[in-house]
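A.B. asks: What follows is each chain in one-letter form.
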Amino acid sequence: MSKMSRRNFLKASMLTGAGALLAACGGTATTQPAQQGNAPAANQPVKITLWQSDWGKDYNEPMVKLADDYKQDVAPNVTVEMTFLPNVSEKLISAITAGNPPDCTLIDEGYGVPKMAIQGGLVSMKPYFEAAGVKKEEFIPFTWETIIYKGEPFGIPGGAGSILMMINRDAYKDAGIDPISIPKVPSWAQFKEWSNKLYKRDSSGKIIRIGHDPMSQWSNFRGIFDFKIYDANKTKLMINSPESVAALTEWATLLPPDVNYEDITSAVSGAPQNMYGAWMAGIRGMEEDDYWMFLAIDKYAPKMDYFVNYLPTMNGKEEEQKGYTGWVWAMAIPKGSAHQEEAWKFIKYGYYDKAEMLADTLNWPSKISAFAEFEKRTIAIMGQNNRLTPYMPLFALPKQVGAYFEPWTPIYNKLGDQFGTAFESIIRREKTAQQAMDEVVASLQPELDKAQGTF
Amino acid sequence: MTEAGRSVLHPKHISARRREWNKTLLGLAFISPWLLGFLWLILYPLFASLYYGFTEYAILTPPKWVGAENFITMFTKDKLFWTSVGNTLYYVAISVPLSTVFSIALALLLNAKVRGMSIYRTVYYFPTVVPVIASVMLWAWILNPQAGPLNYLLGLLGIQGPGWLSDPHWSKPALIILGLWGLGGATVIYLAGLQDVPTHLYEAAELDGASGIQKILFVTIPLLTPVILFNVIMGLIGGFQYFSQAFLGSAIGAGGQGTGIGAPMNSLLFYNLYLYRNAFGYFQMGYASAMAWVLLVFVLLLTLLIFKLTGRFVYYAR
Numbered sequence: 001m002s003k004m005s006r007r008n009f010l011k012a013s014m015l016t017g018a019g020a021l022l023a024a025c026g027g028t029a030t031t032q033p034a035q036q037g038n039a040p041a042a043n044q045p046v047k048i049t050l051w052q053s054d055w056g057k058d059y060n061e062p063m064v065k066l067a068d069d070y071k072q073d074v075a076p077n078v079t080v081e082m083t084f085l086p087n088v089s090e091k092l093i094s095a096i097t098a099g100n101p102p103d104c105t106l107i108d109e110g111y112g113v114p115k116m117a118i119q120g121g122l123v124s125m126k127p128y129f130e131a132a133g134v135k136k137e138e139f140i141p142f143t144w145e146t147i148i149y150k151g152e153p154f155g156i157p158g159g160a161g162s163i164l165m166m167i168n169r170d171a172y173k174d175a176g177i178d179p180i181s182i183p184k185v186p187s188w189a190q191f192k193e194w195s196n197k198l199y200k201r202d203s204s205g206k207i208i209r210i211g212h213d214p215m216s217q218w219s220n221f222r223g224i225f226d227f228k229i230y231d232a233n234k235t236k237l238m239i240n241s242p243e244s245v246a247a248l249t250e251w252a253t254l255l256p257p258d259v260n261y262e263d264i265t266s267a268v269s270g271a272p273q274n275m276y277g278a279w280m281a282g283i284r285g286m287e288e289d290d291y292w293m294f295l296a297i298d299k300y301a302p303k304m305d306y307f308v309n310y311l312p313t314m315n316g317k318e319e320e321q322k323g324y325t326g327w328v329w330a331m332a333i334p335k336g337s338a339h340q341e342e343a344w345k346f347i348k349y350g351y352y353d354k355a356e357m358l359a360d361t362l363n364w365p366s367k368i369s370a371f372a373e374f375e376k377r378t379i380a381i382m383g384q385n386n387r388l389t390p391y392m393p394l395f396a397l398p399k400q401v402g403a404y405f406e407p408w409t410p411i412y413n414k415l416g417d418q419f420g421t422a423f424e425s426i427i428r429r430e431k432t433a434q435q436a437m438d439e440v441v442a443s444l445q446p447e448l449d450k451a452q453g454t455f
Numbered sequence: 001m002t003e004a005g006r007s008v009l010h011p012k013h014i015s016a017r018r019r020e021w022n023k024t025l026l027g028l029a030f031i032s033p034w035l036l037g038f039l040w041l042i043l044y045p046l047f048a049s050l051y052y053g054f055t056e057y058a059i060l061t062p063p064k065w066v067g068a069e070n071f072i073t074m075f076t077k078d079k080l081f082w083t084s085v086g087n088t089l090y091y092v093a094i095s096v097p098l099s100t101v102f103s104i105a106l107a108l109l110l111n112a113k114v115r116g117m118s119i120y121r122t123v124y125y126f127p128t129v130v131p132v133i134a135s136v137m138l139w140a141w142i143l144n145p146q147a148g149p150l151n152y153l154l155g156l157l158g159i160q161g162p163g164w165l166s167d168p169h170w171s172k173p174a175l176i177i178l179g180l181w182g183l184g185g186a187t188v189i190y191l192a193g194l195q196d197v198p199t200h201l202y203e204a205a206e207l208d209g210a211s212g213i214q215k216i217l218f219v220t221i222p223l224l225t226p227v228i229l230f231n232v233i234m235g236l237i238g239g240f241q242y243f244s245q246a247f248l249g250s251a252i253g254a255g256g257q258g259t260g261i262g263a264p265m266n267s268l269l270f271y272n273l274y275l276y277r278n279a280f281g282y283f284q285m286g287y288a289s290a291m292a293w294v295l296l297v298f299v300l301l302l303t304l305l306i307f308k309l310t311g312r313f314v315y316y317a318r
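So the protein lines, in turn, are chains A and B. If you read the first sequence in the numbering used here, its first letter stands for residue 1, the second for the next number, and so on. If you read the second sequence in the numbering used here, its first letter stands for residue 1, the second for the next number, and so on.
Simulated from the structure, these hints should not be mistaken for laboratory data. Wrong hints could be hidden among the right ones.
Straight-line distance between alpha carbons at most 25 Å, and here's what the computed BS3-like set of lysine-lysine pairs gives [unchecked claim]:
#1 Lys184/A with Lys322/A
#2 Lys450/A with Lys215/B
#3 Lys450/A with Lys79/B
#4 Lys322/A with Lys236/A
#5 Lys234/A with Lys308/B
#6 Lys64/B with Lys450/A
#7 Lys234/A with Lys79/B
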C-alpha cells in the first residue's frame with residue numbers, strides 16, 4: 001500500500017473525530033417506551049423475570065417457594081425466573097437504560113423505590129392499586145412511606161422487619177444478669193447496664209465478649225430516642241439539633257469508657273463468619289433481629305438456650321413502643337417491563353392477596369390482616385417445638401404499633417453515607433456528636449435546599 | 001470506450017490521487033472491525049463523558065446542561081472529593097515506590113544462577129494470576145485481627161497487631177501489603193530488563209574493584225531505568241485507578257454496616273470508589289463523569305511531567 005498523503009490522513013481523522021463528537025453530543029440515553037408486550041393468550045406459557053438481592057443460600061432458596069406457590073395455585077402457565085444479584089439497584093438502572101429490565105424486581109435498598117421513581121425508572125402502581133382496592137391503612141405504617149413518591153405508590157411493601165432482643169441465657173447468667181428479671185419492656189438504662197455487664201476480658205485483658213455493639217442497629221433504636229432527622233416540612237436537617245445530639249451522645253455511652261472500638265472489632269473478627277456467628281459463638285452478648293433468625297440458630301447453634309424480648313423504650317413503658325421502627329423491602333415493576341400485567345398479577349398474589357404466603361419465604365408480610373395466618377403458617381414451618389415458636393406473637397407487635405420512620409428526600413443516600421461515617425467517628429471518639437453532625441449538615445443542607453420542590 | 005478500445009475506467013485513466021484514496025479506503029476496510037470497536041466503545045464514551053461532565057445527568061432522565069458547576073462543586077464544596085484524593089495519593093505515594101524497590105530486589109534474586117530457579121520464578125509469579133476477589137478474601141483472613149496468622153506472628157514477637165481492614169489508621173497499609181503480594185508481573189518485566197544488561201559492564205566493574213552493591217547501583221540500576229520508567233508509569237496509572245481491592249476491602253472493614261463504601265470512616269474511600277458511588281449510588285452520572293475527566297487530565301499531566309524528566313533519570317543504551 002502506498003504511503004497515505006497527509007491531506008487524506010487529516011481528512012479521514014477529522015471525519016472520524018467529528019463523527020464521534022456528533023454521536024456523543026447528539027445521543028442521550030432515553031428510556032425505551034414501556035414495552036408491555038402483547039398480553040399473552042390465556043394459558044400461553046409466560047416467563048416473568050424477577051431480580052432480587054442475594055441474601056445467601058439459606059435465605060435465597062425460600063424466596064423461590066413463592067414463585068412455586070403462584071404457579072401451583074394460580075397460574076400454571078406462568079414461570080417466575082428469579083435472579084439473585086448483589087447491588088440490584090445499580091444493575092437495575094443500567095438494565096432500564098438499556099431497555100432490558102426484568103419484569104419485576106425486589107428492591108431492598110432503603111427507600112430504593114422513591115430513588116428509582118424520581119428518575120422515572122418505575123411504573124406507577126396507582127392504577128393497579130385503585131383497581132384492586134389496595135389501601136395504605138392495610139399496611140404496616142412505617143412500610144407505606146417507603147413506596148411513595150409525590151403521593152403515588154411505585155411499589156408494594158413486601159417483607160417487613162423489626163428487631164427484638166435475642167437473649168442468650170448462658171451469657172447473661174455468666175455476666176450476672178438474671179434472665180428471669182428482664183421485664184417485658186425494659187428501659188434504656190437497664191439495657192445499657194446489661195450491655196456494660198456483658199463485657200468480659202480474658203486473663204491478658206483482651207476483650208472476649210462484648211455487650212451491644214454501638215455501631216450496630218442505631219437505625220432501629222433511634223425511634224426510642226425520637227431522633228429527629230428533618231423538620232416537619234423536610235426543609236431543614238435536624239440531626240445537629242440539641243435533642244438529636246443528646247441522643248447520639250447518650251447512645252455512644254454504650255461503649256464503656258475503658259473500651260476502644262478497635263477492641264470490639266478485634267474481638268468480633270474472630271467469630272464464625274456465618275450470620276449471627278459472633279452472637280452464637282458468645283462473643284457478642286447481645287443480638288437483635290427478626291424471627292427469621294431461627295433458621296440460622298437452628299442450623300449453627302442448635303443447643304443454644306435463648307429467648308426473645310422486646311427492645312427497650314426510654315422509660316420502659318408500653319406506650320413508648322410507638323418509637324419502634326423497622327425496615328421493609330418492596331416489589332416494583334421497572335419501566336420497560338415486557339410483561340407488566342403478568343408481573344402485577346404475581347406481585348398482587350404474593351404481597352397482597354396471599355401475603356401470608358410470605359411465610360414460605362421467611363419474610364414477614366407488610367399487610368396487617370395477613371399476620372394471623374402468616375403466624376400459623378410460620379409455626380407450621382418452624383415446628384411447634386421450635387425454641388422460637390412461643391415468641392412469635394412478640395414479633396408482630398413492633399410492626400403493629402411502631403410509628404417511627406425516616407422520611408425520604410433526594411439526599412437520602414448521601415445522608416446515609418455521610419451520617420454513617422460521622423456516626424462512626426463519634427463511636428471511635430474521634431469527634432463529638434455535635435462536631436460530627438454539624439459537618440454533615442454543612443455538607444448536605446445546601447443539597448437539600450436545592451432539592452426542594454422535586455419531591 | 002475510448003481510443004484504442006480502452007475503457008474509461010481503465011486504471012490508466014484514474015488519477016493517482018484517486019488510486020491513493022482507494023487504497024486508503026481498502027486499508028480502512030481491513031481495520032474497520034477494530035476501528036468500529038474503538039469508535040463505539042472507546043472514543044464515543046470518552047467524548048460522551050466529557051459532555052456529561054458539564055451536565056446534571058441521572059441516567060434515566062435527559063442530561064441538563066449546568067456548565068462548570070460539577071467542577072466548581074468538586075473543587076470548592078465537596079469535602080469527600082478531597083478525602084478521596086488524599087487517600088489515593090497516600091496509596092500511590094507509598095505503594096509505587098515500595099513495589100518498585102521490592103520488584104527490582106525480587107528480580108535480582110530471581111536472576112541468580114540457582115538450581116530450580118524456574119520453580120522459584122513460578123512461585124513468585126503465581127499471586128499475579130490469582131483473581132482479585134480471591135486475593136482480597138485470602139488477605140482478609142491473613143489480616144484478621146483476632147484469628148489471622150499475621151497478628152499471630154506479631155503476637156509471638158510481643159507486638160499487638162492492629163485491626164488492619166477494620167481500623168481506619170491501618171486499612172490503607174493493609175491494602176498496600178496486599179498489593180506487594182502481587183509483584184510478580186512487574187518482577188517478570190524487570191527480569192527481562194536484567195537480561196539486557198551487557199555482562200562486559202559487570203566484568204569491567206569487577207576489574208575496577210566494584211562490590212556487589214556497587215555493581216547494582218552503578219551498572220544494573222542505570223541500565224534498568226527504561227524498564228523502571230515503564231513500570232513506574234504503569235504503577236501510577238494503576239494506583240490512581242485503584243478500585244476493586246478498595247471496594248472489597250471496605251466491605252470487609254464495614255463489617256456489614258451501611259453501604260461499606262470507603263469504610264472504615266472513609267479511610268478506603270479512593271478516588272475511583274467515590275466516582276463509582278456518585279455514578280451508581282447517587283445517580284449523579286454528570287458529576288461522576290466530571291470526576292473521571294479530572295482524573296484523566298491529572299494522570300496525563302503527571303505522565304507528561306515524568307516523560308519530561310526522563311532525560312535526567314533514564315539512561316538509554318545506544
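A.B. asks: Decide, hint by hint, whether the structure agrees.
C.D. replies: Hint check results:
no. : hint                   : verdict
1   : Lys184/A with Lys322/A : holds (15 Å)
2   : Lys450/A with Lys215/B : violated (65 Å)
3   : Lys450/A with Lys79/B  : holds (18 Å)
4   : Lys322/A with Lys236/A : holds (24 Å)
5   : Lys234/A with Lys308/B : violated (54 Å)
6   : Lys64/B with Lys450/A  : holds (15 Å)
7   : Lys234/A with Lys79/B  : holds (24 Å)
Hints 2, 5 from the earlier list are contradicted by this structure; the remaining hints agree with it.
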